[in-house]
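Visitor: This is what each chain is made of:
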Amino acid sequence: MEKNGKTISLYFNNDEFVKSKHKDLSCVDCHSGFDPNNIPHKEKIEKVNCLSCHDTYGLEKSSHNKKTECFECHNKHKIQSAVNLYRDIDNCLVCHNQINITGYKKTKHYNVVGNRRLVSCNNCHGKIHTILSKDNVNSPVYASKVLNLCLKCHSVNILLSSNEIHKNIVSSTDSESKKCTNCHGAHSIIMEKTSTGSKGCITCHLNKDWFKNKFFGIDKIPLTTFVEQYGHSIHAKKLENGKESASCSDCHGDHISNPGLDPKASTQRERQPETCGKCHKYISQEYQTSGHGVALKDRIKDAPSCSDCHTEHGIVPITDAKSPVNRLVEVKVCLKCHLNNPDVQKRVNPSAKFIESYEKSAHGIAYHKGNTKAAICTDCHGSHKMKKASDPSSSVNKRQIPGTCAKCHNEIARQYNESIHGTAFQKGNGNSPICTNCHGEHEILPPTDPRSPVASENISSKVCGICHNSVALNSKFDLSGKKFASYQDSYHGLATTSGDIKAANCASCHGVHNIKTSDNPTSSINKANLIQTCGKCHPGANVNFTRGSIHVLAKDKEEGLLYFIATSYLLLIVIIIGGMFFHNLIDFLRKSKSKFDRRRFQHLDHKFGSGLYLRMTVNERIQHFSFMISFIILAVTGFMLKFPNAWWVVPLRNLSESFFEIRGILHRIAAGVMISVSLYHIYYVSFNKRGKELLRDLLPKLKDVYDAIDVMKYNLGFSKSRPKFERFSYIEKAEYWALVWGTVVMGITGFMLWFDNYFLGITSKLMLDVATTIHYYEAWLATLAIIVWHLYFVIFNPDVYPMNLAWIRGTLTEEEMYDEHPLELERIKAREKKDAVMSDESLESD
Amino acid sequence: MKENKKLEDKNKIIRFTKFELIQHLLLFITLLMLSLTGLSLKYYDSAIGNFFIDLEGGFKNRGKIHTIFSIVLILLGIIHAFYVTFSDRGQEQIRLLKFRLKDFKDFFLSLRNSFGMSKEKPKFEKYSFSQKFQYWGVIVGCFFMILTGVILFLKKIEVGMLLPKWLWDITFIIHGAEGLIIFIVLLVWHLYNVHINPEYFPMQKTWLTGKISEKELEEKYPLEYERLKDKESKNL
Chain X
1 MEKNGKTISL YFNNDEFVKS KHKDLSCVDC HSGFDPNNIP HKEKIEKVNC
51 LSCHDTYGLE KSSHNKKTEC FECHNKHKIQ SAVNLYRDID NCLVCHNQIN
101 ITGYKKTKHY NVVGNRRLVS CNNCHGKIHT ILSKDNVNSP VYASKVLNLC
151 LKCHSVNILL SSNEIHKNIV SSTDSESKKC TNCHGAHSII MEKTSTGSKG
201 CITCHLNKDW FKNKFFGIDK IPLTTFVEQY GHSIHAKKLE NGKESASCSD
251 CHGDHISNPG LDPKASTQRE RQPETCGKCH KYISQEYQTS GHGVALKDRI
301 KDAPSCSDCH TEHGIVPITD AKSPVNRLVE VKVCLKCHLN NPDVQKRVNP
351 SAKFIESYEK SAHGIAYHKG NTKAAICTDC HGSHKMKKAS DPSSSVNKRQ
401 IPGTCAKCHN EIARQYNESI HGTAFQKGNG NSPICTNCHG EHEILPPTDP
451 RSPVASENIS SKVCGICHNS VALNSKFDLS GKKFASYQDS YHGLATTSGD
501 IKAANCASCH GVHNIKTSDN PTSSINKANL IQTCGKCHPG ANVNFTRGSI
551 HVLAKDKEEG LLYFIATSYL LLIVIIIGGM FFHNLIDFLR KSKSKFDRRR
601 FQHLDHKFGS GLYLRMTVNE RIQHFSFMIS FIILAVTGFM LKFPNAWWVV
651 PLRNLSESFF EIRGILHRIA AGVMISVSLY HIYYVSFNKR GKELLRDLLP
701 KLKDVYDAID VMKYNLGFSK SRPKFERFSY IEKAEYWALV WGTVVMGITG
751 FMLWFDNYFL GITSKLMLDV ATTIHYYEAW LATLAIIVWH LYFVIFNPDV
801 YPMNLAWIRG TLTEEEMYDE HPLELERIKA REKKDAVMSD ESLESD
Chain C
1 MKENKKLEDK NKIIRFTKFE LIQHLLLFIT LLMLSLTGLS LKYYDSAIGN
51 FFIDLEGGFK NRGKIHTIFS IVLILLGIIH AFYVTFSDRG QEQIRLLKFR
101 LKDFKDFFLS LRNSFGMSKE KPKFEKYSFS QKFQYWGVIV GCFFMILTGV
151 ILFLKKIEVG MLLPKWLWDI TFIIHGAEGL IIFIVLLVWH LYNVHINPEY
201 FPMQKTWLTG KISEKELEEK YPLEYERLKD KESKNL
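Protein chains in written order, with our numbering: chain X, 1 to 846; chain C, 1 to 236.
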């Protein structure tokens with residue numbers, strides 16, 4: 001037919017019509033005023049009025065009223081019953097074809113269960129004829145009713161298990177508040193993932209107004225900014241199916257999601273290994289057996305979880321420069337705890353200094369220079385596999401170290417594995433050195449650095465010698481203990497000790513990583529290779545050069561000729577020097593004797609009388625002698641204890657094992673003698689007439705100060721006259737009172753140390769330590785005072801040299817009296833004169 | 001006062017010339033430095049050795065000082081050899097320093113005297129047996145030290161490669177032990193004679209003044225005294 005001048009077809013599919021509900025009706029029942037036999041049909045076909053037969057079923061109240069014709073849902077000729085219409089939701093979607101609504105077709109709701117959709121339009125929107133807009137309060141999908149609508153099918157448990165915030169928002173009757181549909185979408189309901197992609201979470205979580213830039217956690221990042229970071233993360237990257245590789249709910253859970261700090265939250269630090277492990281299964285397993293994982297499990301404070309290293313939302317691949325665990329910056333992440341966190345430092349063994357030393361190591365320096373191949377923390381310790389070195393499976397455990405280092409240093413590792421150290425290690429010898437034993441651990445330095453243990457100047461004494469000079473290891477492996485000592489005493493050793501880095505060290509001859517025993521033909525110290533090895537430093541070295549043993553120790557009998565020469569010299573020293581000493585000793589005594597004799601008997605100039613003046617009585621001499629002997633014994637036996645390795649103690653110690661026991665007994669006997677003499681001396685100066693006089697004469701006087709000054713003046717040439725001394729000069733007085741002081745101090749502290757257990761009980765350890773310290777230093781003071789002061793005045797003083805004999809003979813000559821004690825001499829002479837006069841007078845009077 | 005001193009000086013007889021005094025002073029300084037630097041190496045592991053090594057400015061300086069003074073010693077040896085071979089006075093001293101049978105007799109006599117077995121004291125010419133012994137001891141000792149020292153020094157140059165290793169070992173031991181002996185001899189013998197000896201304590205000053213009083217000469221070196229007197233009277 002024609003319509004508006006165009007030809008249109010009025011064809012309808014009769015097959016569909018005969019299947020329809022109206023199959024029993026004729027055309028004109030609906031198309032009133034239409035004559036089917038008038039062909040072609042007239043232009044105008046009257047509008048079908050369905051209401052002539054059908055009820056409206058409340059259609060006039062619905063949103064469809066006057067907007068939608070019956071046939072738009074029911075079709076024109078292919079009229080279906082209401083039941084069938086419900087089944088075939090596609091009819092709604094003809095008009096409601098917006099993408100968000102058609103998304104419904106992809107959802108589980110669209111699935112057919114039995115002979116109908118699981119959830120059809122009317123299940124939510126209500127009966128079709130009375131359907132209302134979602135903005136209408138009476139609509140079953142009105143915001144405040146959505147929750148109840150969903151709960152018709154979905155378990156209330158979902159709601160109950162969701163986090164408090166979400167629960168409150170969803171349960172609110174406030175029309176503004178968010179509903180199930182806010183996350184899941186209304187039509188295109190997504191079951192497995194709600195994410196930024198689905199806009200489920202970000203509608204709220206990226207809404208700055210909603211959160212009013214609340215602060216989150218310790219990071220002080222506005223929440224929205226924090227969430228935004230996810231957008232740049234590797235997890236936000238879309239997979240082939242258009243979904244994020246890990247969406248919000250993958251980590252946070254769905255209804256159950258809780259804020260990160262909530263102990264129930266899946267993103268809570270302690271639960272991260274499990275949560276992340278959903279995707280990162282093997283890494284998570286490795287992590288959970290690692291030191292960090294175990295610590296986290298044991299709820300140790302600050303034990304790192306996934307996010308502590310990898311960050312949270314903004315996770316990027318470690319190859320990305322922005323990743324905190326990228327090779328270029330990874331060290332900082334480790335040091336954040338291991339260097340800067342005192343709690344962690346306290347808990348894990350290595351000191352901060354030890355860890356920090358990495359920064360100065362060859363690895364650390366190369367790393368700081370930007371060398372991406374330089375070893376960083378994780379290269380040796382492993383990242384997720386990181387375990388304490390004590391764990392046998394740790395990559396830094398002694399058994400694993402060679403393998404760990406070999407990852408980069410493979411040529412060296414090959415040499416090491418062939419070496420004696422390497423083969424022994426592989427056989428399970430725990431004493432055999434591995435890489436770190438020589439090179440250090442964190443502080444590995446290049447061998448050119450003088451601070452490195454493997455630097456030329458250090459390697460022999462600080463690396464090789466540690467084991468090869470060890471009695472325990474040498475006896476365990478039946479190695480010769482003299483090798484190291486002989487090296488130290490050799491030219492090479494001395495030159496190295498002197499800091500000559502060109503001189504041969506152990507490694508120069510034995511090799512570095514490829515050390516082998518001399519019987520190995522590929523060893524650098526094999527007899528056949530020696531010329532070449534020595535020739536490295538000694539150009540022109542020939543067979544001659546290698547003749548003789550290499551490690552020689554002249555003290556060793558096995559050396560034959562060398563031993564003979566060395567021993568001969570020792571003998572020579574003893575004979576020649578001993579002979580000389582003996583000769584001179586005799587000479588000394590003889591000459592001393594003649595000097596004493598001259599002093600005593602040959603008054604050549606006859607200036608002085610030949611009288612002898614009593615200086616010390618027999619009693620006093622015995623006191624002095626006992627004191628002297630006990631002092632010497634005390635000093636010798638005391639310093640022996642303090643210096644057991646001194647050259648003069650070692651041979652004595654070697655005499656007998658009980659030598660030190662005897663030493664202690666001797667010390668105590670001498671102490672007893674000294675205290676007895678001192679006590680007697682107190683008695684002597686208190687009660688004996690001569691003793692009291694002695695004490696009186698020894699009391700310091702003002703004159704002594706002037707005397708000391710005058711002597712100094714005279715000795716320096718400022719004054720021509722020497723002060724005159726009384727019976728005791730200031731020198732002797734100082735000596736006497738110093739001795740009194742010293743004896744008291746040494747006596748008291750010595751007594752405390754003698755009965756240490758008793759005094760520990762009544763005082764304290766500190767007091768005993770104080771006593772020990774005083775006893776030791778006072779001993780030095782006393783001994784040096786005796787040598788410098790007393791021995792000088794009685795021996796080395798040129799006036800009396802070789803000795804003032806008063807302590808033996810008890811008397812002084814008149815010359816000595818005149819020199820040393822002129823005032824006393826005057827006094828005595830005056831008294832004698834007086835006595836003589838007196839006696840003369842008495843004679844006369846008689 | 002000054003005149004008095006001059007008078008005293010007149011009575012003094014020159015025992016050593018200035019040149020000899022300088023030789024002695026140089027030898028004294030050289031041997032002291034060589035001993036300190038050498039022994040501090042020999043006993044590098046003892047506290048005293050360490051102390052001296054530090055004093056010498058560390059190991060490297062120690063070696064340099066040792067080498068420098070060894071060169072001084074060699075030069076001194078050459079000068080002395082020339083002196084005793086070509087100068088009149090030098091030749092005379094060597095003649096006086098030669099060992100004679102009398103020296104052995106003197107030695108035993110002095111021992112007997114020391115023990116008080118004899119009151120007779122040996123009479124000496126210019127040099128007593130002990131001084132002769134000292135002189136030749138120093139000559140032989142220095143010769144050995146220079147010889148072994150030079151061999152050890154050869155090690156630093158290529159020529160040394162022709163010598164077998166055992167020779168190094170021996171030289172090394174001899175140089176160390178010989179050095180020790182010389183050092184102790186100087187302490188026990190020489191220092192005794194000029195310092196500790198009660199006749200001279202605190203010091204015999206001849207090594208500084210070069211002179212000896214007539215009285216002392218008569219007492220200590222009567223034969224020389226007689227010889228000089230004879231010469232004087234002949235001259236007169």
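Hints listed in this document are in silico derivations from the structure and should not be mistaken for laboratory results.
Since the model is a prediction, treat every value here as computed from it, not as a measurement.
Some hints could be false.
Said to hold, decoys possible - The list that follows gives simulated cross-link-like pairs (lysine-lysine, DSS-like), each with its CA atoms no further than 27 Å apart:
| id | chain 1 | residue 1 | chain 2 | residue 2 |
| --- | --- | --- | --- | --- |
| 1 | X | Lys-591 | C | Lys-105 |
| 2 | X | Lys-593 | C | Lys-123 |
| 3 | C | Lys-105 | X | Lys-527 |
| 4 | C | Lys-123 | X | Lys-483 |
| 5 | X | Lys-555 | C | Lys-42 |
Visitor: Sort out which numbered hints this structure fails and list those numbers smallest first.
Guide: 3, 4
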